[in-house]
Amino acid sequence: MKKFWKLMLRNPGGVIGLILLTVAIIIAVFGPMMFPTSPWRMVQRPFLPPFTNPMVTLGTDALGRDVFAGLIYGARVSLLVGLVSTTVALTIGVPVGAIAGYFGGKVDDAMMRGTEFFQTIPSFALAIVLVAILQPSIYSIVGAIAIVSWPPVARLVRGEVLSLRTREYVQAAVVTGQSNSWIIWREILPNTISPIIVLASLMVANAILLESSLSFLGLGDPNLMSWGYMVGAGRTVIRQAWWITVFPGIAILLSVLAMNLIGEGLNDALNPRLAKDSR
Amino acid sequence: MLSFVSQRIVKGVFVLLAIVVMNFFLIRLAPGDPASVMAGEAGASDPMFVQQLREKFSLDRPLPEQLFTYVKGVVQLDLGYSFRQQMPVSTLIAERLPATLLLTLTAFAISLILGITFGTLAARFAGTWADTAITVSALLFYATPIFWVALMSILLFSVYLGWLPSFGYETVGANYTGWAHVKDVALHLIMPAMTIGLFFMATYTRMTRASMLEVKRLDFVKTARAKGLRNNIIQRRHVLRNALLPVVTLAGVHSGTLVGGAVLTETVFAWPGIGRLLYEALLQRDYNLLLGVFTVCSAMVLIFNLVTDLVYRLVDPRIEFAK
Amino acid sequence: MSKAPAIAIKNLKIALPKSGERSYAVEDVSIDLIPGEIVCLVGESGSGKSMCAHALMGLLPDTVKTEAGEISFGGKNLLKLTEDGWREVRGRDIAMVFQEPMTALNPLMRIGDQMMEMFEAHGLLTPKERRAKALNLAKEVGLPDPERIIRAYPHQLSGGQRQRAMIAMALALEPSVLVADEPTTALDVTTQAQILKLIRNLQRSRNMAVMFITHDFGVVADIADRVVVLRHGKIVEEGSIDAVFRNPQHDYTKALLAAVPSMDPPARAPLDETNKAVDVIGLDKTYVTPTGWFKPDRRVQAANEVTFSILKGETVGLVGESGSGKSSVARLVMRLIEADRGTVRIGDVDLTALKGKALRDQRHRIQMIFQDPFASLNPRRKVGQIITDGPISHGADPKKAMERARELLGMVGLDAGSLDRYPHEFSGGQRQRLGIARALAMDPEIIVADEAVSALDVSVQAQVLKLLEDLKARLGLSMLFITHDLRVAAQICDRIAVMQRGEIVELKPTAQLFASPEHPYTRELLSAVPGQSSPSQAA
Chain F
1 MKKFWKLMLR NPGGVIGLIL LTVAIIIAVF GPMMFPTSPW RMVQRPFLPP FTNPMVTLGT
61 DALGRDVFAG LIYGARVSLL VGLVSTTVAL TIGVPVGAIA GYFGGKVDDA MMRGTEFFQT
121 IPSFALAIVL VAILQPSIYS IVGAIAIVSW PPVARLVRGE VLSLRTREYV QAAVVTGQSN
181 SWIIWREILP NTISPIIVLA SLMVANAILL ESSLSFLGLG DPNLMSWGYM VGAGRTVIRQ
241 AWWITVFPGI AILLSVLAMN LIGEGLNDAL NPRLAKDSR
Chain U
1 MLSFVSQRIV KGVFVLLAIV VMNFFLIRLA PGDPASVMAG EAGASDPMFV QQLREKFSLD
61 RPLPEQLFTY VKGVVQLDLG YSFRQQMPVS TLIAERLPAT LLLTLTAFAI SLILGITFGT
121 LAARFAGTWA DTAITVSALL FYATPIFWVA LMSILLFSVY LGWLPSFGYE TVGANYTGWA
181 HVKDVALHLI MPAMTIGLFF MATYTRMTRA SMLEVKRLDF VKTARAKGLR NNIIQRRHVL
241 RNALLPVVTL AGVHSGTLVG GAVLTETVFA WPGIGRLLYE ALLQRDYNLL LGVFTVCSAM
301 VLIFNLVTDL VYRLVDPRIE FAK
Chain V
1 MSKAPAIAIK NLKIALPKSG ERSYAVEDVS IDLIPGEIVC LVGESGSGKS MCAHALMGLL
61 PDTVKTEAGE ISFGGKNLLK LTEDGWREVR GRDIAMVFQE PMTALNPLMR IGDQMMEMFE
121 AHGLLTPKER RAKALNLAKE VGLPDPERII RAYPHQLSGG QRQRAMIAMA LALEPSVLVA
181 DEPTTALDVT TQAQILKLIR NLQRSRNMAV MFITHDFGVV ADIADRVVVL RHGKIVEEGS
241 IDAVFRNPQH DYTKALLAAV PSMDPPARAP LDETNKAVDV IGLDKTYVTP TGWFKPDRRV
301 QAANEVTFSI LKGETVGLVG ESGSGKSSVA RLVMRLIEAD RGTVRIGDVD LTALKGKALR
361 DQRHRIQMIF QDPFASLNPR RKVGQIITDG PISHGADPKK AMERARELLG MVGLDAGSLD
421 RYPHEFSGGQ RQRLGIARAL AMDPEIIVAD EAVSALDVSV QAQVLKLLED LKARLGLSML
481 FITHDLRVAA QICDRIAVMQ RGEIVELKPT AQLFASPEHP YTRELLSAVP GQSSPSQAA
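Chains as they are written, first to last, in the numbering used here: chain F, 1 to 279; chain U, 1 to 323; chain V, 1 to 539.
Extracted from the complex, chain F is given alone in its bound form (with noise of 0.2 Å):
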C-alpha cells in the first residue's frame, strides 16, 4: 500500500489532481456550514461585476443570486452525481462483464449484444432521451448517466477475465478443485482491480461532464444549482455578464481535469508494479 502511494505521487500529474480533488471535496462538505444562504435566494443587484463587492467575490447573475455560493453548491451535486453514477454503473458493469468473461459461450454472446445494443446507441442522446421522459430530477439524471455508463466497464472487465481465464494460476485454480466462485472471486478480480480503477476515475470525470451538459440544456434537478445550469443561464446574457458563464466552467474544466489526471497517476501508479509481478 506503501509503495502504491509513493509511485502515485512520483507523477506529477497525479499529485495535481489529488490536490484539486481534495479542495474541491472540502468545498462540497465545508462550503455549505460556511455559506448557509441558499444559492437560489436573491443577496445583491442583478449583474454585479465580479471582485467589486466583497460580499459577493465573483459576482451575481441574472437574478442578482451570488455567484460564488453557486460553485460551492454546485460541487456538492457535480461530486455526487459523479460519484455515485459511476458507483452505480460499476455495480452492473463488473459482474456482467466478470461473468460474461469467465463462463464464455451462449452466456457470453447474449451479454455482450446486450453491451453492443448500448453501445451502439450515442450515449449523450440516450441520456437526454431518459431524463426527458422520466422527468428532470437527481435520480433520473444519476440512472440515466449510470445506463449509458455501465457498456465500456462491462467491455473491460470481459476483456480482462477472458485473458486471466487461460493464465495458467487460474488453471492451477481449476485443477486443484475450486469452485466457480472461489476462482472469479480470489484468483481472476483481485487481478483485474487496478484497470477497474483507473476506469473508474475516468468515468467520474465523464460523469461530472454529462450531468453538466444535461443541466445546461436545462434537464437538471430544477432545485438543486448546478455548474451546468449556471452556464446555461446566463448564455443570453453572455455579452454583459461574462462571469455568469466563466467561472461555473473554469470549476467543471478543473474538476473533470482532476478526475482525468487521478486516472493517469493511477495508470501509472499500479501498471508498472503489474508488469513487474508478472515478470
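Treat the hints as calculated values from the structure; they're not laboratory data.
Backbone N, C-alpha and C fix where the C-beta goes; we use that ideal spot for every residue, glycine too.
Among these hints, one or two may not hold up.
[Said to hold, decoys possible] Here are the in silico distance ranges between beta carbons for each label pair:
id, chain 1, residue 1, chain 2, residue 2, range
1, V, Arg151, U, Val10, 29 to 39 Å
2, F, Val237, U, Ala174, 19 to 29 Å
3, U, Leu314, V, Gly347, 24 to 34 Å
4, F, Ser163, V, Gly347, 32 to 42 Å
5, F, Pro95, V, Glu83, 49 to 59 Å
6, U, Pro317, V, Pro144, 57 to 67 Å
7, V, Thr307, U, Val10, 38 to 48 Å
8, F, Gln240, U, Asn175, 28 to 38 Å
9, F, Pro95, V, Arg298, 24 to 34 Å
10, V, Arg298, U, Thr177, 55 to 65 Å
11, U, Ala126, V, Pro266, 52 to 62 Å
12, V, Leu59, F, Ser163, 28 to 38 Å
13, F, Gln240, U, Thr171, 19 to 29 Å
14, U, Gly168, F, Thr37, 33 to 43 Å
[What the hints assert, rightly or not] Reference excerpt, derived from the structure (chain U facing chain F, CB under 8 Å, subset only):
id, residue
15, Leu26
16, Leu29
17, Leu77
18, Leu282
We have chain F already, so just place chains U and V on it with the hints.
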C-alpha cells in the same frame, strides 16, 4: 468482404429494431397517458389531435398490437407528427440532416488530421517541452465541456474580436450564391466545427502518441534499423502505419460521442441541424420528435461504426472478413 | 590458421543503468570473427551474449553505455560512428537475423516489399531490379512458391518460412558479416534442423564471418567452428569446437556441458504391468473457429483417437512439435478442457463421467505443473496461501495445511520463510519448485508436467528434473511428461508417445524408440535433434 458487409447490415437492422421497441416502451414510461405524451406539450392542448393519435396507434388495443402498429409505422419511415412544428417528423429530420452531416464530418476530419499530427510530433519529441506542451493542451481540451468551449469561443471571436459570426448557418437575408455562399457557410462553420474538433483532437493526440511510443519498441522497428533505413522512412512506413490501427478503432468507438457533441454545439451556435432539433423537441416536450431524432442518430452511429470497422479490416491484413 | 578477422571486438565494456543487478552487461570481451568461420556465443540468460550481437550493429538500447573497447571493421572503429555512419554499414556490410520472426517483420507490409527495402535503404537498383532480386533471394533460401510468398504478409507464413525470409533479407546486399541472435530458438526441432543447414550452406558459399548466439549446446555442436562461452558478461572459455567440447577447462563450461541431457536413454527398472494409474481411451478433440456465413468453419483436430495408459510409478512422455496436440491432450486428461469423445480413468474412477462437486473431489488425484514459471503463480497471493488454498478448500484444517506446506517447501529445496513472500521475489527455477510444492500439497497419485522445464536455463533445468525424479521415487508417483525436447524425454521417461497432428504415431519404451524407431516421423524427429554428430559429451 460482401458477406461481412451484409452480415453487419442485417445485425444493424436488428439493433435499430430493438431501439424502436425500446422507444415504444420509453413513451409508456413517461408520466401520463401515452397519447398525450406523444402529442407533446403543445399537442396535448388540442383534444382532437390527441384522439387522432389514440386511434392511429390503437392505444385502446392490447399491448402487442400497439407495438406492432408502432413498429410498422417506423419501418414505413413514418416517425410521427410534430404538432408544435406542424410537420411530419421525418420531413423535419430530412431537412436538417445535411447540416449536421456537414458539421460532424468536418469536425471529424479536423480532429483526425490535427490529432494524428500532434500525436506524432509529441511522440517524436517525447520528454521535451514540446511534448509536455502538446500533452497538457490535449488534457485541457479533453477536460473542458464542449458547450463551454463553444461559449468561450463566441465570447472571444465574435464579441471581443468580431472576426466570426456567432450563430447560424449563413448570414440571414444576405442571399449569397455560388462561391460567396460557400465562403459564408465556411465562416459560420469554423467555430462549431473547431469546438467539436478540439475535443476529439485531444483524444486522437493522446492515442496516437501512446500508440507510437509503444510501436517504436517493437522488434520489427529494430529490423528496419538493421537494414540501414533512414529514420523518417522508418517512422512513416513502419511505426506510423502500425500505430494508427488503434486510432481507427477509437474513431469508431467515439462516433456516438460525436453525435452527442453535435447536439450541444448546434444548440449554442443555433446551427440548423438535427442536434438543434433534438434540443427544440426537448424544450417543447415533443416526444415524437425527440424519439424520431434519437432513432436517426442511432442509425448514423451504426453506419459510422460499420465504415470504421471496414476501414480497419482493409488496413490490417491480419484480420479477415470473418466475425 | 590465423586469417585476418573480418570484424574484431576488442575489450568491449558495456555499462548497465544503475538500478540493474550488476554494473556491466559485458566486461572486457574480445572476439574475432573470421571469414568462412562460424563463431558460437553460448551462455545462459543474462550472460550478455545478446548485447554483444547488438553492439556489432550499433543497435544497443539507449539505456546502456559503451564505456570502453573498440569494434574494428575495415580499418575503422565502429563504436566511433555517427548514426549516419552506422546506417551505411548496417545491412550492407553487417547484417542481423533476430530470434522471433513473427515480431521481427512488419505485419502490415508484404514480404517482398520488406526484402526490397534492403536495397532501397542503400539507394541501389530500380524498383523492377529490386523485385527480381527479391525473387532470387526467396528462391535461394528455399522458400516454396516464391512468386506467391513475395506478395504474402508475414502472418500467412509459417515460423520456418518467416525465418527464411529474414535470412534472405539479411543476405540481400551480400554482407561480409552475419550476426544471428538465437535464430532457431523459437522454431520446432525439425524446422530448426533445416534452418541450421541453410545458414551453414549460405555461409560457406559466400564465405561470410558468422556470429551465432545460442543457449543450446546441441546447436553449437552442429554448427560451430569456434565456441565462446559467456557468463555474467565475461568470457570464461573459448576455443575451437573440438577443444571446448572434448577438453573443457573452466568449471562453468564443464557444468554446462554436463547439464545437457544425453541422447542415450538409461536402463529403466521394469514395472508391474497390471497396476495402471491412468487409462486414456479414444480421446477426440476438434477446435472449431466460425468463419462467417458463406465459408466452411475452420477445424483443427487436436486429438484423434488418442489412447495410452500410465502404470503406477511410470513416467510416460508425450513428445511432439508445436501443433502436435500434446498440450491439448494433457489438458484433456486433466479435464481442463472437455473432450468431444473418449474416456479418462484414474484407477477405478471414470474422470470423464463426473461433474460438479464429484469431479472437484476427485481432482486431487491428478495434479499439474505448468510451463511458464512467471504465469503459473497468482502475483497477488502469498506463497503460503498458494500452496494451502487447494487443501483448505477441500476441508483441510488451515494450521495443518500450513504445517504440510512447510514440509513440502523443505522437500522441494526452499526454506520455510518463503511462505510469507510473494511470487515475484523468486527466480524462475524457484517458482517451478513452488509449482511442484503446490501440486504435491494435494497428495496426488499422478503428476502431469506440461513442458515444466522448457522455460528454464539448462543448469536450472537439470536441477528441477533431478528433483522431480527424486520426489517421484519417494512418493510413488506416476508422471505424464509433455515436452518437445527429446533429450529430456530420453533421460526421464520410461515410455514415450510421439504425437503428430493430434495422433500418437508411435508409443514404445524409451530405449527401443531411440534405438529402432519405426514411424517415419519419429525417425525425422530423432535425426533433427542437434548435437548428435559431433564426437563430444553432448551427443
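### Message
Hint Leu77 (chain U) vs chain F: min CB-CB distance below 8 Å?
### Response
violated (20 Å)
#### Entry: Distance restraint hint 24 to 34 Å, applied to the beta-carbon atoms of Leu314 (chain U) and Gly347 (chain V)
At roughly 57 Å between Cβ atoms, Gly347 (chain V) and Leu314 (chain U) fall outside 24 to 34 Å, so the hint is violated.
### Message
Next item in the hint list is Leu29 (chain U). Is there a CB on chain F closer than 8 Å to its CB?
### Response
holds (6 Å)
### Task
Determine whether the Cβ-Cβ distance between Ala126 (chain U) and Pro266 (chain V) falls within the hinted range of 52 to 62 Å.
holds (57 Å)
### Query
Is 55 to 65 Å right for how far apart the beta carbons of Arg298 (chain V) and Thr177 (chain U) are?
Distance hint for Arg298 (chain V), Thr177 (chain U) holds at roughly 60 Å.
### Query
Holds or violated: is there a CB of chain F closer than 8 Å to the CB of Leu26 (chain U)?
Holds, because the Cβ-Cβ distance from Leu26 (chain U) to chain F comes to roughly 5 Å (cut-off 8 Å).
### Query
If you check the beta carbons of Val237 (chain F) and Ala174 (chain U), does the distance land in 19 to 29 Å?
With a Cβ separation near 27 Å, Val237 (chain F) and Ala174 (chain U) satisfy 19 to 29 Å, so the hint holds.
### Task
For Arg151 (chain V) and Val10 (chain U), compare the CB-CB distance with the range 29 to 39 Å and indicate the outcome.
Taking Cβ atoms as reference, Arg151 (chain V) and Val10 (chain U) lie about 33 Å apart, which means the hint holds.
### Task
May I ask you to test the hint 49 to 59 Å on the CB atoms belonging to Pro95 (chain F) and Glu83 (chain V)?
holds (54 Å)
### Task
Using the Cβ atoms, figure out if Gln240 (chain F) sits within 19 to 29 Å of Thr171 (chain U).
holds (24 Å)
### Beta-carbon spacing of Gln240 (chain F) to Asn175 (chain U) - inside the hinted bounds 28 to 38 Å or not
Cβ of Gln240 (chain F) to Cβ of Asn175 (chain U): about 32 Å, so the range 28 to 38 Å holds.
### Task
Look at the Cβ atoms of Ser163 (chain F) and Gly347 (chain V) and judge whether their distance stays inside 32 to 42 Å.
holds (36 Å)
Violated hints, listed in ascending order, are 3, 6, 17; each of the other numbered hints is respected by the structure.
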